[in-house]
Amino acid sequence: MDLINFRVGHKTISLKILDILLTERYEGNLTSLPNENKSFIGVKDYMDTPTPIFDLGVVLNNRSTYEVNAALSELLVEREKEHLEWLNVLENNLSTGTSSTNSLDPSKSSFSRWYKDFETDNEDLKSIVAKLEKPYHALHVMASELLEVRKTQSKDSVIILFEEKKRQTLNQLNRLFESAREQISLDYKPIIIFTTKDGVTPHIGLLVDKVEDNINVKKEDIKPLEQLTSVGFDVDPQTKNMMRGLIKMKHKHSLLLDPSAIFRPEHLMRHEAEETEEYGLFYTIPLKYLI
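The numbers in this note's numbering rise by one with no breaks, and the one at position 43 of the sequence shown is 69.
In case anyone wonders, no lab produced these hints; they're calculated from the structure. Do not take every clue at face value.
[Claimed, not checked] Straight-line C-alpha distance at most 25 Å; calculated SDA-like pairs for lysine to any residue: (1) Lys249 with Lys278; (2) Lys42 with Lys249; (3) Lys236 with Arg207; (4) Lys192 with Arg105; (5) Lys177 with Thr124; (6) Lys245 with Asp28; (7) Lys157 with Asn114; (8) Lys236 with Ala96; (9) Lys181 with Val243; (10) Lys107 with Ser205; (11) Lys157 with Asp213; (12) Lys42 with Tyr72; (13) Lys107 with Ile185; (14) Lys157 with Glu208; (15) Lys192 with Tyr162; (16) Lys181 with His109; (17) Lys192 with Asn267; (18) Lys152 with Leu102; (19) Lys244 with Lys274; (20) Lys42 with Ile30; (21) Lys64 with Pro78; (22) Lys152 with Leu196; (23) Lys152 with Glu100; (24) Lys152 with Leu110; (25) Lys37 with Lys181; (26) Lys142 with Ala164; (27) Lys245 with Lys70; (28) Lys157 with Val167.
[Unchecked claim] The calculated label-pair distances, taken between Cβ atoms and stated as ranges, are: (29) Arg201 with Glu149: 18 to 28 Å; (30) Lys236 with Ser170: 39 to 49 Å; (31) Lys160 with Ser99: 17 to 27 Å; (32) Glu246 with Lys160: 47 to 57 Å; (33) Glu238 with Asn88: 19 to 29 Å; (34) Gly54 with Thr227: 21 to 31 Å; (35) Asn197 with Phe144: 18 to 28 Å; (36) Thr146 with Asp28: 23 to 33 Å; (37) Ser58 with Ser121: 46 to 56 Å; (38) Glu246 with Thr75: 33 to 43 Å.
Ideal Cβ positions, reconstructed from N, Cα and C, are used throughout, including at glycine.
Using the sequences and the accompanying hints, generate a full structural model.
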(Lines of atoms letter the chains of each structure in order from A; the text may use other names.)
(Lines give C-alpha, C1' and ligand atoms only; values in the text may rest on other atoms or scores of the structure.)
Protein backbone atom coordinates (compact mmCIF):
# COMPACT_ATOMS: atom_id res chain seq x y z
CA MET A 27 0.00 0.00 0.00
CA ASP A 28 1.42 3.37 -1.06
CA LEU A 29 1.11 6.14 1.52
CA ILE A 30 2.25 9.72 1.96
CA ASN A 31 3.41 10.96 5.36
CA PHE A 32 2.58 14.44 6.59
CA ARG A 33 3.65 16.38 9.67
CA VAL A 34 1.01 17.76 12.05
CA GLY A 35 2.61 19.30 15.13
CA HIS A 36 4.68 16.56 16.77
CA LYS A 37 2.68 13.86 15.02
CA THR A 38 3.20 12.14 11.69
CA ILE A 39 0.08 11.03 9.83
CA SER A 40 -0.25 8.80 6.79
CA LEU A 41 -2.84 8.89 4.01
CA LYS A 42 -3.32 6.53 1.09
CA ILE A 43 -2.17 8.07 -2.18
CA LEU A 44 -5.51 7.04 -3.71
CA ASP A 45 -7.31 9.18 -1.11
CA ILE A 46 -5.47 12.32 -2.23
CA LEU A 47 -6.48 14.46 -5.19
CA LEU A 48 -4.03 17.31 -4.76
CA THR A 49 -1.82 19.13 -2.29
CA GLU A 50 -1.26 22.86 -2.49
CA ARG A 51 0.42 25.59 -0.45
CA TYR A 52 -1.91 27.17 2.09
CA GLU A 53 -2.06 30.92 1.53
CA GLY A 54 -4.89 31.73 3.95
CA ASN A 55 -7.24 32.55 1.06
CA LEU A 56 -10.30 30.69 2.32
CA THR A 57 -13.94 31.74 2.43
CA SER A 58 -15.19 31.90 6.01
CA LEU A 59 -18.55 30.43 6.95
CA PRO A 60 -20.39 30.39 10.29
CA ASN A 61 -19.59 27.12 12.02
CA GLU A 62 -19.12 25.93 15.60
CA ASN A 63 -16.52 23.30 14.69
CA LYS A 64 -13.24 24.90 15.83
CA SER A 65 -11.23 22.82 13.34
CA PHE A 66 -13.19 24.20 10.37
CA ILE A 67 -11.22 27.09 8.89
CA GLY A 68 -13.14 27.86 5.68
CA VAL A 69 -14.03 26.79 2.17
CA LYS A 70 -11.85 26.64 -0.92
CA ASP A 71 -12.74 25.69 -4.49
CA TYR A 72 -11.29 22.56 -6.03
CA MET A 73 -12.14 22.44 -9.75
CA ASP A 74 -15.08 24.78 -9.08
CA THR A 75 -16.31 22.56 -6.22
CA PRO A 76 -16.51 24.38 -2.83
CA THR A 77 -14.64 22.14 -0.41
CA PRO A 78 -14.61 22.50 3.40
CA ILE A 79 -11.12 22.80 4.88
CA PHE A 80 -10.28 21.54 8.37
CA ASP A 81 -7.17 22.15 10.45
CA LEU A 82 -5.85 18.69 11.29
CA GLY A 83 -3.72 20.19 14.05
CA VAL A 84 -6.88 21.19 15.90
CA VAL A 85 -8.41 17.75 15.27
CA LEU A 86 -5.40 15.78 16.52
CA ASN A 87 -3.72 18.19 18.95
CA ASN A 88 -6.60 20.48 20.04
CA ARG A 89 -4.52 23.42 18.86
CA SER A 90 -3.37 24.64 15.47
CA THR A 91 0.33 24.49 14.71
CA TYR A 92 0.18 28.19 13.84
CA GLU A 93 -0.97 28.98 17.38
CA VAL A 94 1.69 26.69 18.87
CA ASN A 95 4.42 28.40 16.82
CA ALA A 96 3.12 31.88 17.69
CA ALA A 97 3.17 30.99 21.38
CA LEU A 98 6.73 29.66 21.11
CA SER A 99 7.88 32.80 19.29
CA GLU A 100 6.32 34.96 21.99
CA LEU A 101 7.99 32.86 24.67
CA LEU A 102 11.36 33.42 23.00
CA VAL A 103 10.67 37.17 23.07
CA GLU A 104 9.95 36.91 26.81
CA ARG A 105 13.14 34.94 27.44
CA GLU A 106 15.09 37.60 25.55
CA LYS A 107 13.49 40.39 27.59
CA GLU A 108 14.36 38.57 30.82
CA HIS A 109 18.04 38.71 29.91
CA LEU A 110 17.84 42.44 29.29
CA GLU A 111 15.99 43.04 32.57
CA TRP A 112 18.55 40.92 34.40
CA LEU A 113 21.36 43.01 32.93
CA ASN A 114 19.61 46.26 33.86
CA VAL A 115 19.43 45.13 37.50
CA LEU A 116 23.10 44.14 37.39
CA GLU A 117 24.07 47.54 35.96
CA ASN A 118 22.16 49.31 38.71
CA ASN A 119 23.93 47.22 41.36
CA LEU A 120 27.31 47.99 39.85
CA SER A 121 26.48 51.71 39.71
CA THR A 122 25.19 51.97 43.26
CA GLY A 123 27.44 49.40 44.88
CA THR A 124 24.48 47.55 46.32
CA SER A 125 24.25 43.80 46.60
CA SER A 126 22.87 42.10 43.52
CA THR A 127 19.29 40.89 43.72
CA ASN A 128 19.93 38.74 40.68
CA SER A 129 20.61 35.08 41.06
CA LEU A 130 24.13 34.44 39.83
CA ASP A 131 23.43 30.73 39.66
CA PRO A 132 22.60 30.06 35.96
CA SER A 133 20.75 26.86 36.85
CA LYS A 134 18.07 28.67 38.89
CA SER A 135 16.67 31.10 36.33
CA SER A 136 13.42 30.72 34.39
CA PHE A 137 15.49 30.55 31.20
CA SER A 138 17.47 27.62 32.55
CA ARG A 139 14.31 25.73 33.48
CA TRP A 140 12.81 26.40 30.04
CA TYR A 141 16.04 25.50 28.25
CA LYS A 142 16.34 22.20 30.14
CA ASP A 143 12.81 21.12 29.21
CA PHE A 144 12.78 22.43 25.63
CA GLU A 145 12.09 19.83 22.95
CA THR A 146 11.51 20.12 19.22
CA ASP A 147 11.56 17.92 16.13
CA ASN A 148 12.98 20.84 14.14
CA GLU A 149 16.68 20.00 13.99
CA ASP A 150 17.69 23.50 12.84
CA LEU A 151 15.77 25.11 15.70
CA LYS A 152 17.24 22.61 18.15
CA SER A 153 20.74 23.55 16.97
CA ILE A 154 20.08 27.28 17.39
CA VAL A 155 18.60 26.91 20.88
CA ALA A 156 21.55 24.74 21.93
CA LYS A 157 23.88 27.65 21.08
CA LEU A 158 22.09 29.89 23.61
CA GLU A 159 23.68 28.07 26.53
CA LYS A 160 27.21 29.40 25.98
CA PRO A 161 26.44 33.16 25.98
CA TYR A 162 23.88 32.64 28.75
CA HIS A 163 26.53 31.17 31.05
CA ALA A 164 28.96 33.88 29.91
CA LEU A 165 26.60 36.54 31.28
CA HIS A 166 26.56 34.94 34.72
CA VAL A 167 30.34 34.56 34.75
CA MET A 168 30.61 38.22 33.73
CA ALA A 169 28.30 39.27 36.58
CA SER A 170 30.37 37.43 39.19
CA GLU A 171 33.60 38.91 37.89
CA LEU A 172 32.27 42.48 37.74
CA LEU A 173 30.81 42.36 41.24
CA GLU A 174 34.25 41.38 42.50
CA VAL A 175 35.97 44.10 40.45
CA ARG A 176 33.51 46.66 41.85
CA LYS A 177 34.99 46.10 45.30
CA THR A 178 38.39 47.42 44.25
CA GLN A 179 37.80 49.72 41.27
CA SER A 180 35.79 52.86 40.62
CA LYS A 181 32.18 52.77 39.49
CA ASP A 182 33.00 54.42 36.14
CA SER A 183 35.69 51.91 35.22
CA VAL A 184 33.45 48.99 36.16
CA ILE A 185 30.54 50.37 34.10
CA ILE A 186 32.81 50.81 31.07
CA LEU A 187 33.92 47.20 31.42
CA PHE A 188 30.31 46.13 31.91
CA GLU A 189 29.14 47.89 28.73
CA GLU A 190 31.92 46.27 26.71
CA LYS A 191 31.20 42.74 27.93
CA LYS A 192 27.43 43.27 27.77
CA ARG A 193 27.59 44.43 24.15
CA GLN A 194 29.55 41.37 23.04
CA THR A 195 27.49 38.74 24.83
CA LEU A 196 24.06 40.32 24.52
CA ASN A 197 24.46 40.87 20.78
CA GLN A 198 25.24 37.19 20.40
CA LEU A 199 22.18 36.22 22.44
CA ASN A 200 19.92 38.59 20.52
CA ARG A 201 21.07 37.20 17.17
CA LEU A 202 20.39 33.65 18.34
CA PHE A 203 16.92 34.50 19.66
CA GLU A 204 16.11 36.24 16.38
CA SER A 205 17.41 33.27 14.38
CA ALA A 206 15.28 30.91 16.47
CA ARG A 207 12.13 32.92 15.76
CA GLU A 208 12.97 33.07 12.06
CA GLN A 209 13.52 29.32 11.98
CA ILE A 210 10.08 28.71 13.51
CA SER A 211 8.54 30.80 10.74
CA LEU A 212 10.61 29.22 7.96
CA ASP A 213 9.85 25.68 9.06
CA TYR A 214 6.09 26.21 8.98
CA LYS A 215 4.94 25.74 5.38
CA PRO A 216 1.36 24.52 5.73
CA ILE A 217 -0.38 22.78 2.86
CA ILE A 218 -3.94 21.74 2.11
CA ILE A 219 -4.59 18.11 1.19
CA PHE A 220 -7.69 17.73 -0.96
CA THR A 221 -9.03 14.25 -0.21
CA THR A 222 -11.49 12.14 -2.15
CA LYS A 223 -13.77 9.15 -1.67
CA ASP A 224 -14.17 8.23 -5.36
CA GLY A 225 -10.87 9.40 -6.86
CA VAL A 226 -12.56 12.22 -8.78
CA THR A 227 -14.60 14.59 -6.62
CA PRO A 228 -13.22 16.35 -3.53
CA HIS A 229 -14.40 15.23 -0.09
CA ILE A 230 -12.70 17.57 2.41
CA GLY A 231 -9.45 19.49 2.64
CA LEU A 232 -7.02 18.91 5.50
CA LEU A 233 -4.52 21.52 6.66
CA VAL A 234 -1.19 19.96 7.67
CA ASP A 235 2.23 21.40 8.45
CA LYS A 236 4.22 19.88 5.61
CA VAL A 237 4.84 16.81 3.45
CA GLU A 238 7.43 14.38 4.78
CA ASP A 239 7.89 11.37 2.51
CA ASN A 240 6.32 8.50 0.59
CA ILE A 241 6.25 4.98 1.99
CA ASN A 242 5.00 1.57 1.00
CA VAL A 243 3.70 -0.69 3.76
CA LYS A 244 2.21 -4.14 4.01
CA LYS A 245 -0.94 -4.94 5.93
CA GLU A 246 1.01 -6.77 8.62
CA ASP A 247 3.12 -3.64 9.22
CA ILE A 248 0.06 -1.75 10.48
CA LYS A 249 -0.74 -2.31 14.14
CA PRO A 250 -4.45 -2.03 15.01
CA LEU A 251 -5.64 0.27 17.78
CA GLU A 252 -6.96 -2.71 19.71
CA GLN A 253 -3.38 -3.41 20.81
CA LEU A 254 -3.51 -0.12 22.73
CA THR A 255 -7.07 -0.11 23.96
CA SER A 256 -6.87 -3.70 25.18
CA VAL A 257 -4.51 -2.65 28.00
CA GLY A 258 -6.75 0.13 29.27
CA PHE A 259 -5.45 2.95 27.07
CA ASP A 260 -8.25 4.67 25.19
CA VAL A 261 -8.49 7.22 22.39
CA ASP A 262 -11.17 9.88 22.15
CA PRO A 263 -14.08 8.81 19.89
CA GLN A 264 -13.46 11.27 17.03
CA THR A 265 -9.76 10.43 16.76
CA LYS A 266 -10.41 6.72 17.13
CA ASN A 267 -13.05 6.90 14.41
CA MET A 268 -10.62 8.18 11.80
CA MET A 269 -7.53 6.20 12.85
CA ARG A 270 -6.88 2.90 11.15
CA GLY A 271 -3.75 1.93 13.03
CA LEU A 272 -0.12 2.73 13.78
CA ILE A 273 2.76 2.34 11.35
CA LYS A 274 6.18 1.75 12.85
CA MET A 275 8.68 4.28 11.51
CA LYS A 276 12.40 4.45 12.23
CA HIS A 277 12.14 6.23 15.59
CA LYS A 278 8.40 6.70 16.05
CA HIS A 279 4.95 5.77 14.75
CA SER A 280 2.75 7.31 12.11
CA LEU A 281 -1.03 7.51 12.48
CA LEU A 282 -2.82 5.92 9.54
CA LEU A 283 -5.94 7.99 8.84
CA ASP A 284 -9.06 7.46 6.78
CA PRO A 285 -10.15 10.97 5.64
CA SER A 286 -13.63 9.75 4.72
CA ALA A 287 -14.23 8.90 8.40
CA ILE A 288 -13.08 12.16 9.97
CA PHE A 289 -16.42 13.94 9.91
CA ARG A 290 -19.07 11.27 9.63
CA PRO A 291 -22.52 12.06 10.99
CA GLU A 292 -22.64 11.53 14.75
CA HIS A 293 -25.19 8.72 14.61
CA LEU A 294 -22.95 6.74 12.26
CA MET A 295 -19.88 7.16 14.46
CA ARG A 296 -21.50 4.95 17.10
CA HIS A 297 -21.54 1.93 14.79
CA GLU A 298 -18.65 -0.41 14.12
CA ALA A 299 -17.25 -0.16 10.59
CA GLU A 300 -16.71 -3.18 8.38
CA GLU A 301 -13.63 -4.02 6.40
CA THR A 302 -14.06 -4.60 2.67
CA GLU A 303 -11.75 -6.10 0.03
CA GLU A 304 -12.42 -3.13 -2.25
CA TYR A 305 -11.00 -0.60 0.19
CA GLY A 306 -8.18 -2.72 1.55
CA LEU A 307 -7.34 -1.84 5.14
CA PHE A 308 -9.87 0.95 5.36
CA TYR A 309 -13.50 0.67 6.30
CA THR A 310 -16.94 1.54 4.99
CA ILE A 311 -20.23 2.13 6.76
CA PRO A 312 -22.49 -0.93 6.60
CA LEU A 313 -25.30 -0.46 4.07
CA LYS A 314 -27.98 -1.11 6.71
CA TYR A 315 -26.97 2.12 8.48
CA LEU A 316 -27.29 4.21 5.31
CA ILE A 317 -30.89 3.17 4.58
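Restraint check for Lys152 with Glu100, where alpha carbons must lie at most 25 Å apart: With a Cα-Cα distance of about 17 Å, the restraint between Lys152 and Glu100 holds, given a limit of 25 Å.
Note whether the CB distance of Glu246 and Thr75 lies within 33 to 43 Å or breaks it. holds, 37 Å
Lys42 paired with Tyr72 [C-alpha distance capped at 25 Å]: Distance ~19 Å between Lys42 and Tyr72 Cα, so the pair holds.
If you draw a straight line from the CA of Lys236 to the CA of Ala96, is it 25 Å or shorter? holds, 17 Å
Quick one, are Lys181 and His109 close enough, alpha carbons at most 25 Å? Status holds; Cα separation ~22 Å.
Pair hint outcome, Lys142 versus Ala164 [Cα-Cα no greater than 25 Å]: The hint holds at about 17 Å.
Are Lys245 and Asp28 close enough, with their CA atoms no more than 25 Å apart? Holds, at roughly 11 Å.
Assessment of proposed distance window 47 to 57 Å (beta carbons of Glu246, Lys160): 48 Å Cβ-Cβ, so the 47 to 57 Å window holds.
Between Lys107 and Ile185, is the straight-line Cα distance small enough, at 25 Å or below? holds, 21 Å
Hinted pair, alpha-carbon criterion (25 Å max): Lys107, Ser205. Please report holds or violated. holds, 16 Å
Verify the CB-CB distance for Glu238 and Asn88 against the hinted window 19 to 29 Å. At 22 Å between Cβs, range holds.
If you draw a straight line from the CA of Lys152 to the CA of Leu102, is it 25 Å or shorter? holds, 13 Å
Consistency note: the structure conflicts with the earlier hints numbered 9, 17, 25 and 27.
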